[in-house]
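Each protein sequence line maps, in turn, to chains Y and S. Residue numbers for the first sequence follow this note's numbering, so the first one is 4 and each next one is one higher. Residue numbers for the second sequence follow this note's numbering, so the first one is 136 and each next one is one higher.
Check before you lean on any hint, since a few could be wrong.
[To be verified] In the EDC-like style, the derived pairs of lysine to aspartate or glutamate whose C-alpha atoms are separated by at most 20 Å in a straight line are:
1) Lys52/Y / Glu217/S
2) Lys64/Y / Asp88/Y
3) Lys64/Y / Glu236/S
4) Lys72/Y / Glu23/Y
5) Lys61/Y / Asp231/S
6) Lys52/Y / Glu236/S
7) Lys64/Y / Glu23/Y
Think of the hints as simulated: they come from the structure by calculation, not from any bench. Given the structure is predicted, the values throughout are model-derived calculations rather than measurements.
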Amino acid sequence: AQSVSQHNHHVILSEAASLELGCNYSYGGTVNLFWYVQYPGQHLQLLLKYFSGDPLVKGIKGFEAEFIKSKFSFNLRKPSVQWSDTAEYFCAVSPSGAGSYQLTFGKGTKLSVIP
Amino acid sequence: KAGVTQTPRYLIKTRGQQVTLSCSPISGHRSVSWYQQTPGQGLQFLFEYFSETQRNKGNFPGRFSGRQFSNSRSEMNVSTLELGDSALYLCASSRDGHHTEAFFGQGTRLTVV
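For reference, chain Y alone in the conformation it holds in the complex:
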């Protein structure tokens, strides 16, 4: 079975600071990787996804993530955060083969951006 580990439970940054949230997964086969965001009081939204190809993927709102296969990592980055980025961020993985239709999520990282 797959598992996902997010290194930071709560991150506090000032506006304009750079952001990197760590995500490592455990699974023996090929996977699809995702980052979701949950703004306060809102539903989960997809930030970006990786299926194959270029390991550097760009998502919405200036976020990007890099898949490093040798490290089983998929870290999320943003060069300059804004107050509106305050939210909880979830890394998720899904086996890419047929027969598995579930997302396994990490425990989430709360990001607080101070104006």
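With chain Y held as given, fit chain S onto it using these hints.
This is chain S only, laid out in the frame that chain Y set:
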């Protein structure tokens, strides 16, 4: 287009009762997945349905069940409620279940007292 709709948004039940939650997926989406979100355990997969068939089930007791109708709408049922079932229950829909484009609803907040 309309998003994923979950009803009701909030629910308070007593221990021992049962509850049914509903999810209407985005038009054209045939896969519906259910997740339980709690502060301690995070987001955990319950089950996934596609064309009225359950294809995947998570590690939850048999008190948790679900079904999908021919119009892709889905319901999940929890019988003999326990205090630990208090959680946000999320529904996600996608075209084929491979999460190429999975969209989540606002969730149903269930409180068991």
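Outcome of the hint check:
Restraint check for Lys52/Y and Glu217/S: not satisfied, since their Cα atoms lie roughly 36 Å apart, outside the 20 Å limit. For the proposed pair Lys64/Y and Asp88/Y, the alpha carbon gap of about 9 Å is at most 20 Å, so the pair holds. Only pairs whose Cα atoms come within 20 Å are accepted, and Lys64/Y paired with Glu236/S is accepted, the gap being roughly 18 Å. Our distance criterion of 20 Å between C-alpha atoms is met by Lys72/Y and Glu23/Y, whose separation comes to about 18 Å.
Distance restraint check for Lys61/Y and Asp231/S: the Cα-Cα separation of roughly 23 Å exceeds the 20 Å cut-off, and the hinted pair is therefore not satisfied. Annotation: proposed proximity of Lys52/Y to Glu236/S holds, straight-line Cα distance about 9 Å (limit 20 Å). Proximity of Lys64/Y to Glu23/Y is assessed by CA-CA distance (about 15 Å); at most 20 Å being required, the pair is judged to hold.
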